[in-house]
Amino acid sequence: MATEDRPTGVESPTERGNPRTAGIDLLPTPDILNTLNREDRTVADAVGRALPDLARAVDLAVDALRAGGRVHYVGAGTSGRLAVLDAAELVPTFNMPSGWFLAHQAGGQRAFLEAVENAEDDAAAGAATIENQAGDNDFVLGLTASGRTPYVLGALRAARRRGIPTALVSANPGAARNAPADIAITADTGPEPITGSTRMKAGSAQKLVLTSFSTTVMIRMGRTYSNLMVSMVATNAKLRGRTISILREATDASEQACSQALSAADGDLKTALVHLLTGVSVDRASAALTNAGGQVRDALSSLES
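For the sequence shown, the numbering used here begins at 329 and goes up steadily by one.
These are computed hints drawn from the structure, not numbers from a lab.
Treat the hints loosely; a few may be bogus.
Straight line, CA to CA, 20 angstroms or less: simulated EDC-like cross-link-like pairs of lysine to aspartate or glutamate [claimed, not checked]:
{"id": "1", "residue 1": "Lys566", "residue 2": "Asp368"}
{"id": "2", "residue 1": "Lys566", "residue 2": "Asp611"}
{"id": "3", "residue 1": "Lys535", "residue 2": "Asp368"}
{"id": "4", "residue 1": "Lys566", "residue 2": "Glu577"}
{"id": "5", "residue 1": "Lys566", "residue 2": "Glu583"}
Since this is a predicted model, take the numbers as computed values, not measurements.
Can you make the complete structure from the sequences, with help from the hints?
Shown next as structure tokens:
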């Protein structure tokens with residue numbers, strides 16, 4: 329057996345047996361579901377304990393984007409698939425500029441739908457991903473439940489060699505202490521309901537971390553106004569209806585007035601919003617937004633001063 333093919337033990341809380349789910353295969357269906365649900369309830373608290381470190385990662389990502397850089401997600405298996413999903417959803421939700429977030433999955437696109445043998449064990453491939461695709465102003469966020477996935481660690485080490493800021497999201501405090509990353513974000517979800525199945529609690533924690541991370545970055549980058557998706561692009565009937573609802577909630581204007589403002593703004597929700605809130609012309613509202621870098625509150629302040 330070649331050295332790289334030898335089985336490798338992983339010391340992680342996610343690999344330990346869970347006494348709370350022992351004998352789960354003997355339970356009736358409702359009890360199985362209740363047992364899994366009780367385990368899932370611990371996930372949010374585990375993520376909550378990691379929020380100070382997550383906040384530091386958000387600030388680094390915002391700094392990178394404001395400097396013209398990008399955010400790279402790097403993962404394998406469930407972690408990589410969640411990263412691809414999160415990055416993809418930022419475009420329709422926040423009208424995110426192309427290239428702000430890039431998701432790299434061990435094994436490439438095929439690995440999103442099926443397992444690609446040994447892809448996660450290829451540290452050189454992870455390093456090459458960063459060496460070939462990352463810029464000096466970027467930020468790299470690695471995701472691995474065990475904290476030990478070679479593809480992810482290879483990417484993080486390559487980033488650190490170039491002085492690119494890094495963070496690691498994992499469910500393993502032990503691995504996080506020695507991680508090749510500037511920030512270790514550890515959501516210690518403990519033993520899985522099915523031993524070693526990190527698509528369960530560890531995966532749920534990573535989904536919460538990613539959603540919170542990217543949403544906060546988008547808020548900090550001015551892609552919302554209050555809690556409204558004002559950067560959204562209406563590409564279908566449902567979303568066109570939502571833009572009207574957003575304008576009505578933000579301005580208390582009538583449906584007709586919101587529809588007229590949106591039409592005058594050529595469908596640009598932010599321009600229509602600033603126009604309705606201030607009463608200035610659509611052209612002046614658009615110019616104020618341009619000068620404010622798309623930040624609605626900054627545009628409003630400039631028009632009110």
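Hint by hint, here is what the structure shows:
no., hint, in the structure
1, Lys566 / Asp368, "32 angstroms, violated"
2, Lys566 / Asp611, "27 angstroms, violated"
3, Lys535 / Asp368, "13 angstroms, holds"
4, Lys566 / Glu577, "17 angstroms, holds"
5, Lys566 / Glu583, "15 angstroms, holds"
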